[in-house]
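With the hints as extra help, turn the sequences into a complete structure.
Number of protein chains: 6
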Amino acid sequence: MSVTVSRKAHFNAAHRLYRPDWDDAANEEVFGKCANPYYHGHNYDLIVHVTGTIDPTTGYVVDMKVLKDLIKSEIEDAFDHKNLNEQVPEFKNLIPTAENIVVVIWDKLRPHIDSDKKLAVTLYETPRNYVHYEG
Amino acid sequence: MSVTVSRKAHFNAAHRLYRPDWDDAANEEVFGKCANPYYHGHNYDLIVHVTGTIDPTTGYVVDMKVLKDLIKSEIEDAFDHKNLNEQVPEFKNLIPTAENIVVVIWDKLRPHIDSDKKLAVTLYETPRNYVHYEG
Amino acid sequence: MSVTVSRKAHFNAAHRLYRPDWDDAANEEVFGKCANPYYHGHNYDLIVHVTGTIDPTTGYVVDMKVLKDLIKSEIEDAFDHKNLNEQVPEFKNLIPTAENIVVVIWDKLRPHIDSDKKLAVTLYETPRNYVHYEG
Amino acid sequence: MSVTVSRKAHFNAAHRLYRPDWDDAANEEVFGKCANPYYHGHNYDLIVHVTGTIDPTTGYVVDMKVLKDLIKSEIEDAFDHKNLNEQVPEFKNLIPTAENIVVVIWDKLRPHIDSDKKLAVTLYETPRNYVHYEG
Amino acid sequence: MSVTVSRKAHFNAAHRLYRPDWDDAANEEVFGKCANPYYHGHNYDLIVHVTGTIDPTTGYVVDMKVLKDLIKSEIEDAFDHKNLNEQVPEFKNLIPTAENIVVVIWDKLRPHIDSDKKLAVTLYETPRNYVHYEG
Amino acid sequence: MSVTVSRKAHFNAAHRLYRPDWDDAANEEVFGKCANPYYHGHNYDLIVHVTGTIDPTTGYVVDMKVLKDLIKSEIEDAFDHKNLNEQVPEFKNLIPTAENIVVVIWDKLRPHIDSDKKLAVTLYETPRNYVHYEG
Numbered sequence: 001m002s003v004t005v006s007r008k009a010h011f012n013a014a015h016r017l018y019r020p021d022w023d024d025a026a027n028e029e030v031f032g033k034c035a036n037p038y039y040h041g042h043n044y045d046l047i048v049h050v051t052g053t054i055d056p057t058t059g060y061v062v063d064m065k066v067l068k069d070l071i072k073s074e075i076e077d078a079f080d081h082k083n084l085n086e087q088v089p090e091f092k093n094l095i096p097t098a099e100n101i102v103v104v105i106w107d108k109l110r111p112h113i114d115s116d117k118k119l120a121v122t123l124y125e126t127p128r129n130y131v132h133y134e135g
Numbered sequence: 001m002s003v004t005v006s007r008k009a010h011f012n013a014a015h016r017l018y019r020p021d022w023d024d025a026a027n028e029e030v031f032g033k034c035a036n037p038y039y040h041g042h043n044y045d046l047i048v049h050v051t052g053t054i055d056p057t058t059g060y061v062v063d064m065k066v067l068k069d070l071i072k073s074e075i076e077d078a079f080d081h082k083n084l085n086e087q088v089p090e091f092k093n094l095i096p097t098a099e100n101i102v103v104v105i106w107d108k109l110r111p112h113i114d115s116d117k118k119l120a121v122t123l124y125e126t127p128r129n130y131v132h133y134e135g
Numbered sequence: 001m002s003v004t005v006s007r008k009a010h011f012n013a014a015h016r017l018y019r020p021d022w023d024d025a026a027n028e029e030v031f032g033k034c035a036n037p038y039y040h041g042h043n044y045d046l047i048v049h050v051t052g053t054i055d056p057t058t059g060y061v062v063d064m065k066v067l068k069d070l071i072k073s074e075i076e077d078a079f080d081h082k083n084l085n086e087q088v089p090e091f092k093n094l095i096p097t098a099e100n101i102v103v104v105i106w107d108k109l110r111p112h113i114d115s116d117k118k119l120a121v122t123l124y125e126t127p128r129n130y131v132h133y134e135g
Numbered sequence: 001m002s003v004t005v006s007r008k009a010h011f012n013a014a015h016r017l018y019r020p021d022w023d024d025a026a027n028e029e030v031f032g033k034c035a036n037p038y039y040h041g042h043n044y045d046l047i048v049h050v051t052g053t054i055d056p057t058t059g060y061v062v063d064m065k066v067l068k069d070l071i072k073s074e075i076e077d078a079f080d081h082k083n084l085n086e087q088v089p090e091f092k093n094l095i096p097t098a099e100n101i102v103v104v105i106w107d108k109l110r111p112h113i114d115s116d117k118k119l120a121v122t123l124y125e126t127p128r129n130y131v132h133y134e135g
Numbered sequence: 001m002s003v004t005v006s007r008k009a010h011f012n013a014a015h016r017l018y019r020p021d022w023d024d025a026a027n028e029e030v031f032g033k034c035a036n037p038y039y040h041g042h043n044y045d046l047i048v049h050v051t052g053t054i055d056p057t058t059g060y061v062v063d064m065k066v067l068k069d070l071i072k073s074e075i076e077d078a079f080d081h082k083n084l085n086e087q088v089p090e091f092k093n094l095i096p097t098a099e100n101i102v103v104v105i106w107d108k109l110r111p112h113i114d115s116d117k118k119l120a121v122t123l124y125e126t127p128r129n130y131v132h133y134e135g
Numbered sequence: 001m002s003v004t005v006s007r008k009a010h011f012n013a014a015h016r017l018y019r020p021d022w023d024d025a026a027n028e029e030v031f032g033k034c035a036n037p038y039y040h041g042h043n044y045d046l047i048v049h050v051t052g053t054i055d056p057t058t059g060y061v062v063d064m065k066v067l068k069d070l071i072k073s074e075i076e077d078a079f080d081h082k083n084l085n086e087q088v089p090e091f092k093n094l095i096p097t098a099e100n101i102v103v104v105i106w107d108k109l110r111p112h113i114d115s116d117k118k119l120a121v122t123l124y125e126t127p128r129n130y131v132h133y134e135g
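Protein chains in written order, with the working numbering: chain B, 1 to 135; chain C, 1 to 135; chain E, 1 to 135; chain Z, 1 to 135; chain A, 1 to 135; chain S, 1 to 135.
Hints in this document: simulated from the structure, not taken from any laboratory.
Among the hints, a few may not be true.
Since the list gives no way to pick out one identical chain from another, each pair is judged satisfied if it fits inside one copy or across any two copies.
[Claimed, not checked] Cut-off 30 Å, straight-line C-alpha distance, at most; resulting in silico cross-link-like pairs (DSS-like, lysine-lysine):
id, residue 1, residue 2
1, Lys117, Lys33
2, Lys72, Lys92
3, Lys33, Lys68
4, Lys33, Lys118
Everything numeric in this text was worked out from a predicted model, so none of it was measured.
Listed below in structure tokens is the structure:
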């Protein structure tokens with residue numbers, strides 16, 4: 001009896017999309033307005049999904065309070081009100097597209113989730129654009 | 001050509017999370033504020049998903065009106081404005097966590113859905129916490 | 001230059017609507033399913049609106065962090081995961097309808113908001129039912 | 001490392017559900033109010049999901065701007081502010097149920113998505129009714 | 001102590017915007033895609049607001065169940081799954097713009113609301129366009 | 001017969017809250033995480049409200065297409081994917097708090113709205129924080 005438990009969280013951050021090995025024209029052509037050297041930003045909405053069997057003692061797949069605290073300590077504290085390019089080490093050499101951010105978040109959370117449980121992460125960059133990664 | 005049809009519904013209910021075989025301190029430690037002996041409550045949002053092939057005569061996988069009425073008679077009439085612990089028989093000996101509720105809902109609906117169709121249920125306990133069960 | 005600043009919060013609670021001086025039939029007739037003696041519950045969504053002039057030094061009408069903490073200490077800590085009838089003193093002799101709750105919330109917040117600022121409160125009992133009070 | 005990228009769009013359209021080979025009574029019995037000969041309509045919300053590996057050069061699975069423009073040219077321009085029965089050729093001999101519409105949308109988009117990427121489409125007919133098709 | 005009580009409802013309808021005393025080019029110029037002679041449609045979301053004093057006996061400004069039933073009988077039954085131009089008498093000689101619809105709804109509800117209470121109506125034509133009328 | 005017409009739009013931007021005449025400690029004390037010198041960002045949701053009488057010829061208070069284009073040319077083109085502090089002249093000497101942004105937006109739109117119509121602007125900095133200005 002496998003159930004997926006999902007918890008929403010959010011953080012606000014600045015970023016820009018560009019490759020330092022490309023000139024401005026090349027960056028602008030590929031990344032458009034997202035290449036703005038002065039940065040822009042988003043309210044990121046994050047959903048963390050954990051799939052596993054229900055513990056018959058507690059009725060929980062995972063304690064939501066524990067999951068909420070894990071998301072706060074691993075993701076919100078690291079990303080919220082930050083400049084992803086300048087202040088989050090994972091993006092020092094990685095373009096902070098939504099696709100790359102969702103993989104980074106999954107990689108940061110995976111070691112903290114029991115190995116017999118499945119982890120998936122959904123990340124909304126805007127209410128109209130979102131990505132999903134299952135590992 | 002398999003399509004999933006989803007229908008949203010909702011019910012409001014009271015519940016508490018606790019084990020009668022544990023003392024108050026143990027319940028409080030595991031279930032926190034959710035163990036409050038005077039109950040608390042939620043607006044539960046429910047999404048029922050039915051997957052099957054499209055009937056070429058009607059263009060339907062399932063008639064949404066029939067699905068809506070089924071959710072009402074089987075789930076809303078049984079759960080809405082109720083105390084899950086005290087008034088819903090399925091939770092007499094089962095802790096009404098979101099995980100257990102979503103399995104109970106799936107079990108109640110499954111006999112009413114054609115056996116060649118797949119059933120899944122998503123249950124929002126709050127806009128930030130939800131669970132999903134596919135049987 | 002008067003601007004209104006609004007902050008959302010939420011709490012989950014159980015309640016029932018009934019008058020102890022009426023018999024069950026009278027309560028059922030007026031309050032319907034809401035009179036259920038075993039209680040039911042809601043995810044209440046709360047929006048607190050403060051209207052005033054912008055402080056030219058900070059650009060704030062009110063510091064959102066201060067407003068967020070005030071809502072937490074005065075309302076969320078008092079109401080969240082509680083039974084409004086049994087555990088919130090303001091409803092000992094007051095029916096916890098959405099209308100009465102929103103007035104109680106306004107009365108609890110008003111002394112903490114500068115007297116030259118206007119306060120209004122919106123309370124969602126469900127996504128379909130809400131109330132608004134401006135004092 | 002397979003990531004799903006999702007983009008929301010929307011269009012408004014009129015439709016009716018009926019079979020010309022049935023009489024009015026038969027159409028009314030099966031399709032109810034949806035058989036109204038004068039049509040009714042919806043704000044359709046559309047989510048297009050593309051799954052593939054992240055391009056290490058751009059950090060993209062697919063360029064969202066390209067996906068947005070594709071949805072506009074193939075779907076929004078063809079369906080928005082149209083009568084699906086009368087003005088969209090795909091429904092000349094196909095009942096425009098949500099199930100059939102989502103398959104038509106998938107079929108229209110599939111040739112424009114790289115063959116090594118997976119395509120799925122979700123279509124909300126109302127905020128309470130939606131369908132999903134993965135091909 | 002004046003409180004506003006708000007109740008949401010919805011209906012789906014087809015309409016077109018045009019003046020029969022104008023030719024097609026003039027209609028197209030003013031109303032654009034909305035003039036399509038084959039109609040298009042919307043999921044209209046409706047919020048009805050009633051402002052008055054709280055009845056100390058019930059704690060209600062207005063009984064939400066009564067308000068819900070009133071919206072159903074006066075508005076939803078008349079407008080849902082209808083063609084506003086062809087099947088709703090109020091629009092026989094009135095262009096069914098959102099502005100005109102919201103006034104028609106207000107006029108239909110006003111006689112059923114106590115004269116000492118204030119009525120306002122909000123109508124969403126799409127999630128991005130809405131209108132509000134207070135009489 | 002005065003009706004309010006509301007149109008939603010959105011833009012993504014980076015900003016920081018700080019006073020150049022204060023040192024870092026003072027900025028941090030007042031503006032907290034929002035003072036981050038590397039900026040952070042938001043998906044701003046904007047609602048523009050225009051109140052006036054219905055034109056009996058068109059049934060419009062204002063043509064939504066015209067209003068949509070006005071918001072795009074005056075606000076979205078100026079603010080979207082920009083750093084408000086560095087790239088939007090209005091904030092050269094004005095802290096880009098939500099309160100100041102909403103006043104700037106109102107001031108930019110007001111000359112383009114007929115003088116006999118009332119203008120109001122609502123700005124969501126996050127789904128939990130928003131401001132409203134009526135001039």
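Now for the hints, and whether the structure bears them out:
no.: 1; hint: Lys117 <-> Lys33; result: between (39 Å within a copy, 26 Å between copies)
no.: 2; hint: Lys72 <-> Lys92; result: within (22 Å within a copy, 34 Å between copies)
no.: 3; hint: Lys33 <-> Lys68; result: between (34 Å within a copy, 15 Å between copies)
no.: 4; hint: Lys33 <-> Lys118; result: between (36 Å within a copy, 27 Å between copies)
Checked against the numbered hints given earlier, this structure breaks none of them.
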